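Enquirer: In case you want the letters, here they are:
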Amino acid sequence: DTEVTQTPKHLVMGMTNKKSLKCEQHMGHRAMYWYKQKAKKPPELMFVYSYEKLSINESVPSRFSPECPNSSLLNLHLHALQPEDSALYLCASSQVQGYGYTFGSGTRLTVV
Amino acid sequence: AQKVTQAQTEISVVEKEDVTLDCVYETRDTTYYLFWYKQPPSGELVFLIRRNSFDEQNEISGRYSWNFQKSTSSFNFTITASQVVDSAVYFCALSEAAMDSNYQLIWGAGTKLIIKP
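Just so you know, the sequences run in chain order L and Y. This note's numbering applies: residue 1 is where the first sequence begins, and numbers increase by one. This note's numbering applies: residue 1 is where the second sequence begins, and numbers increase by one.
I should point out that these hints are in silico values taken from the structure, not numbers from a laboratory. Predicted model, so just to flag it, every value in this text is computed and none were measured. From the three backbone atoms N, C-alpha and C, an ideal C-beta is built for every residue, glycine too. Just so you know, not all the hints are guaranteed correct.
Stated by the list, open to error - Residues from chain L shown here face chain Y by an in silico Cβ test under 7 Å; the list is partial: (1) P42; (2) L45; (3) L88; (4) F103; (5) S105; (6) G106.
What the hints assert, rightly or not - For each label pair, taking beta carbons as the anchor points, the in silico distance ranges come out as: (7) E52(L) / V14(Y): 48 to 56 Å; (8) T78(Y) / N70(L): 36 to 44 Å; (9) P83(L) / V46(Y): 27 to 35 Å; (10) V46(Y) / N70(L): 22 to 30 Å.
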């Protein structure tokens, strides 16, 4: 299995909702990442987990809350988002931090 | 400072033409990695190649080829005999091996490639 699986593929949520994005990989990768990508822009790094510990938080607002329950799973909990948070959210994994990234197909999030 | 420049915002060619996507990078590290990713309209980022700074050999994979030149800090990507399925946004990225870099990917702005039938 050489894939990173993200669910859901599409999500529409109101500004008062709480939702979660899920990411799963079974390649034995020990680093996992959340990226945010706005239209016509490159991805922007949000969080990095290395060996299930948060190693990088790129000054992301607290309405985004990451969680790494185990080495195969990565969640992104969303609460009280703003319309400008609408974007494609990509999950990635690598063998160790920085090597051979594999990306998921992303969750297209719309905040209304 | 680290930087990746993809000067071509959009390229449009007719199917079967060859096309080269340019990538110029800046880094003070001697050890670094360069990547190309393809992002079709469906959204996923597809890994194409990873090259480390000590390996300047050009790479060919089917219709794809890459030309890495440290002297000009360039890592260009050529598609030979382009096909409509090659239409996508292509990103070049840099990752440094310095201890404080955390191996973060530094992305170029992307080049949108349109292949017309």
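Enquirer: If any of the earlier hints don't hold here, list their numbers in rising order.
Expert: none
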